[in-house]
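If you read the protein sequences in the order shown, they are chains A and B. Counting from 1, position 229 in the first sequence corresponds to residue 229 in the working numbering; the numbering is continuous, with no gaps. Counting from 1, position 12 in the second sequence corresponds to residue 12 in the working numbering; the numbering is continuous, with no gaps.
Quick caveat, the hints were computed from the structure, so don't treat them as lab data. Hints may contain errors.
Given that identical chains are not distinguished, each listed pair holds provided it fits within a single copy or across any two copies.
Calculated lysine to any residue pairs in the SDA-like style (CA-CA distance at most 20 angstroms, straight line) [as the list claims (entries may be wrong)]:
(1) K119 - D145
(2) K166 - A208
(3) K97 - E61
(4) K23 - W235
(5) K39 - D84
(6) K96 - L117
(7) K96 - A133
(8) K370 - L290
(9) K23 - M57
The model shown is predicted, which means the values in this text are computed figures rather than measured ones.
Number of protein chains: 2
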Amino acid sequence: MEEKDIVNTTAEELSSAKPDYEKEIASIIRSNASPAQIKDKLLDYHENDIAAALDSMSISERQRLYRLLNIDELSDIFEYVDEDNIPTYFKELDIKKKAAVVSEMDADKAVFVLQHLDKKTRDDLIELIGNDARRDIALISSFDDDQIGSKMTTNFVLIHSTLTIKQAMRELVNQAAENDNISTIYVEDENDVFCGAISLNELIIARADMPLSDLIVTSYPFVYAKEDIDDCIEWIKDYSEDSIPALDENNRLLGVITAQDIVKVVDDEMGEDYAMLAGLTSEEDLHEPLKQSIKKRLPWLIILLGLGLVVSSVVGMFETVVAQLTIVMCFQSLILDMAGNVGTQSLAVTIRVLMDEDLTARQKFGLVFKEGRVGLINGLILGILSLVCIGSYIHFFKGASILFSFSISLCIGAALMLAMLISSLVGTLIPMFFKKIHIDPAVASGPLITTVNDLVAVVTYYGLAWIFLIEIMHF
Amino acid sequence: MEEKDIVNTTAEELSSAKPDYEKEIASIIRSNASPAQIKDKLLDYHENDIAAALDSMSISERQRLYRLLNIDELSDIFEYVDEDNIPTYFKELDIKKKAAVVSEMDADKAVFVLQHLDKKTRDDLIELIGNDARRDIALISSFDDDQIGSKMTTNFVLIHSTLTIKQAMRELVNQAAENDNISTIYVEDENDVFCGAISLNELIIARADMPLSDLIVTSYPFVYAKEDIDDCIEWIKDYSEDSIPALDENNRLLGVITAQDIVKVVDDEMGEDYAMLAGLTSEEDLHEPLKQSIKKRLPWLIILLGLGLVVSSVVGMFETVVAQLTIVMCFQSLILDMAGNVGTQSLAVTIRVLMDEDLTARQKFGLVFKEGRVGLINGLILGILSLVCIGSYIHFFKGASILFSFSISLCIGAALMLAMLISSLVGTLIPMFFKKIHIDPAVASGPLITTVNDLVAVVTYYGLAWIFLIEIMHF
Chain A
1 MEEKDIVNTT AEELSSAKPD YEKEIASIIR SNASPAQIKD KLLDYHENDI AAALDSMSIS
61 ERQRLYRLLN IDELSDIFEY VDEDNIPTYF KELDIKKKAA VVSEMDADKA VFVLQHLDKK
121 TRDDLIELIG NDARRDIALI SSFDDDQIGS KMTTNFVLIH STLTIKQAMR ELVNQAAEND
181 NISTIYVEDE NDVFCGAISL NELIIARADM PLSDLIVTSY PFVYAKEDID DCIEWIKDYS
241 EDSIPALDEN NRLLGVITAQ DIVKVVDDEM GEDYAMLAGL TSEEDLHEPL KQSIKKRLPW
301 LIILLGLGLV VSSVVGMFET VVAQLTIVMC FQSLILDMAG NVGTQSLAVT IRVLMDEDLT
361 ARQKFGLVFK EGRVGLINGL ILGILSLVCI GSYIHFFKGA SILFSFSISL CIGAALMLAM
421 LISSLVGTLI PMFFKKIHID PAVASGPLIT TVNDLVAVVT YYGLAWIFLI EIMHF
Chain B
1 MEEKDIVNTT AEELSSAKPD YEKEIASIIR SNASPAQIKD KLLDYHENDI AAALDSMSIS
61 ERQRLYRLLN IDELSDIFEY VDEDNIPTYF KELDIKKKAA VVSEMDADKA VFVLQHLDKK
121 TRDDLIELIG NDARRDIALI SSFDDDQIGS KMTTNFVLIH STLTIKQAMR ELVNQAAEND
181 NISTIYVEDE NDVFCGAISL NELIIARADM PLSDLIVTSY PFVYAKEDID DCIEWIKDYS
241 EDSIPALDEN NRLLGVITAQ DIVKVVDDEM GEDYAMLAGL TSEEDLHEPL KQSIKKRLPW
301 LIILLGLGLV VSSVVGMFET VVAQLTIVMC FQSLILDMAG NVGTQSLAVT IRVLMDEDLT
361 ARQKFGLVFK EGRVGLINGL ILGILSLVCI GSYIHFFKGA SILFSFSISL CIGAALMLAM
421 LISSLVGTLI PMFFKKIHID PAVASGPLIT TVNDLVAVVT YYGLAWIFLI EIMHF
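Same shape as in the complex, but just chain A (with noise of 0.2 angstroms):
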């Protein structure tokens, strides 16, 4: 790449001026060059970069290549290919070598591969795995999905307080060939509790006459593996570690939370969270077959069917007022949507601050209230703004007399304010009430809340409009 191209260009072009590292690594495959020398050229790159070539390759140039990375290499690569390869990629090894690059992964790795290869396959693999492979597979498996345990990995060091410095470091160094989280060592006492931990950093610059106590952090910060993942992230999140221990419930170490799992632990809560709020059971992504996508959108659909037939019914309560005033019909959809999208915005808010935060009753109590003078000042707001273009629409385009205008507009922008102020306190008080009943507010707040929202639109627009339009100035 040359210096001149690249100065002072855009920052669509810098990602664009980046080496395309897959096609290197596909054409490093097919060139004729020596085993040993492909070899060489190959271990050069990123192994996600290696796992992303194998699908520009084909079947026989994936099997050179497996031919040519002994196992620990092998493995390395097999622990970033995604979800929709495992299966195609893994019956390109035969029996034996299978075994062996999934007894090398990270435990939390080869658990997330074998679930994605099919029944008998995994039968037949988890037999020929190795001793310690197959318990550290076992012990991950052994939590629930929502469990902190489940992802984290055995891929750790851990050494005896009552070390030296010297003996430490030599230990470090035996363990570094078979686990890469190093940066953060974890100690151990006499009865193989788990009493603190050492920053690497810290370990090197020691003079070695020091006591290794002197390093320990020994007041660490920890979690229990059967922890919910819900209930610790975002306590986990704070720390900024390289990794975070998580212990059984006699405080021995069964593994580490590390900050590449946080990072896919975020991602996937909140990814939940916004499929959530979209009415969504869970996330989507491009390869979802059609059937799979049907079925987790069904279900809040069809509760919303029925929860908007309750609508419709008290809608037609207001019938006779429709029929004698067609006019405020029109306006239904503003009301119903704008309460609408005010209970969505508070629903959120809150929703967030829950999941971040632990809060007291006053702070709850503060939220509900800022969340009602939200709710009003923007509904006051939009509420005047309606009174004068919507009663200036009708007078203008509709040509009705002024008096009529804007007694409706008046009724328009009254109930707008109304149903947004209550929309808002709505929105903020079922996510908690759901909260408070331990049921996760993100899953059940949202169609509760259009349906609530909808029929509070409904009752104070027809109503306001029956009393005021109706009864009082006979229109």
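Got chain A sorted already, so can you dock chain B onto it with the hints?
For chain B alone, kept in the frame of chain A given last:
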């Protein structure tokens, strides 16, 4: 903690069984022990816990802590202080100590702290900050908030490619005193151009007589500091690395994006998406002042009000239909809500897919086709459900004839199906269109989709009602 107490406990009990570090820290500061003892005990805790404990201390207790600890220790703690408390705690330090603490921080943290101080303090501080720190702070501040360079840290280990393994090890030990991110060691060539990375554990276990070049992954992934976060974050995530280097236009290493930075960026990006979907201009938290909350929500609401008026005037065109057959009006909210729900589902799926992957034209077409089929099938199912349920409801509860009841419910079912199909397509095409013309689809799509779907639903429903019920059936 007794072992027996926590065997067979629930996740919640486990989580509450954890020690309350903040309380412990506060009581250490309040104790009558000698300063040396207090300091010794304090340093056993994680900086994040000490930072959190500051909140429960009085000013004089905090000042005691500031006196006890040295600049290095204080700056580590201040890196964890949350934004709301930064101004308060900084006011309690004298100006020299302030400058020293900020100089010692990672540059990205220092930038964050400076952003949360008032302008006067900030300007005073920048005068007093050491040259190295000032240069790093200026570098990071030079990037826009949406460029990846604004999230990088200048805390990394960089060595020359010409070193031997032994020299590299010595260089690492030297730099480890200043830099914590040592698990990946970056390598530059004789022209200071970035040329690869070495993983620390490979360096540790390497034989001293190996050439250093054997350890260097020369095609290590990197980003340009000027790239947009949106464009590269998904890509960075895939590598699951402890850190990814950020280069300038001349391929010199400027900083690194650590896994901790990635956690924050992913959290922020998804939080933004979530907020956008809910019609907020950006994420809000508990401590947001009222005025700001209103400002974040009002813009969308005003736009939505304007668009709602457009829908209302289209509904107005069907006033005669409603005047003749008021019962159809009852189900308007149902059709509009359902079309809106389906549109939001498609929108959410499309935005996540567009965010995660670079789609080929073929994949885009596939996505539209799939969303269309999902919409059609769900529409068919719900349409048939409505036909049966609503027809029976009108017949049995409203006492209308079977012909009349099921004509109306047929019209509703058909409109529902059509509206759901079209809404799915609209929900997929609109974000794609915005992406194409380089407007963030998450920002712009929501209100437009609501409006288009409302219009589609209104026209389909009342149009069908008019043609079928009034013109053909003559009800």
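Evaluation of the provided hints:
Only within a single protomer do K119 and D145 lie at most 20 angstroms apart by alpha-carbon distance; the minimum there is 19 angstroms, versus 47 angstroms between protomers. For a Cα distance limit of 20 angstroms, the shortest separation of K166 from A208 qualifies both inside one copy, at 6 angstroms, and across copies, at 18 angstroms. For a Cα distance limit of 20 angstroms, the shortest separation of K97 from E61 inside one copy, 17 angstroms, qualifies, whereas the shortest one across copies, 62 angstroms, does not. Taking identical chains as interchangeable, the C-alpha atoms of K23 and W235 lie at most 20 angstroms apart only when they sit on different chains, with a minimum of 16 angstroms there against 41 angstroms within one chain.
In this assembly of identical chains, the alpha carbons of K39 and D84 never lie at most 20 angstroms apart, being 26 angstroms within a copy and 53 angstroms across copies at closest. In this assembly of identical chains, the alpha carbons of K96 and L117 lie at most 20 angstroms apart only when taken from the same copy (15 angstroms versus 61 angstroms across copies). With identical chains, the CA atoms of K96 and A133 are at most 20 angstroms apart within one copy only, with a shortest distance of 15 angstroms there and 54 angstroms across copies. With identical chains, the CA atoms of K370 and L290 are at most 20 angstroms apart between copies only, with a shortest distance of 7 angstroms across copies and 43 angstroms within one.
Taking the closest pair of Cα atoms, K23 and M57 come within 20 angstroms of each other only inside a single copy of the chain (10 angstroms); across copies the shortest separation is 58 angstroms, beyond that limit.
Going down the numbered hints, you'll see the structure goes against just number 5.
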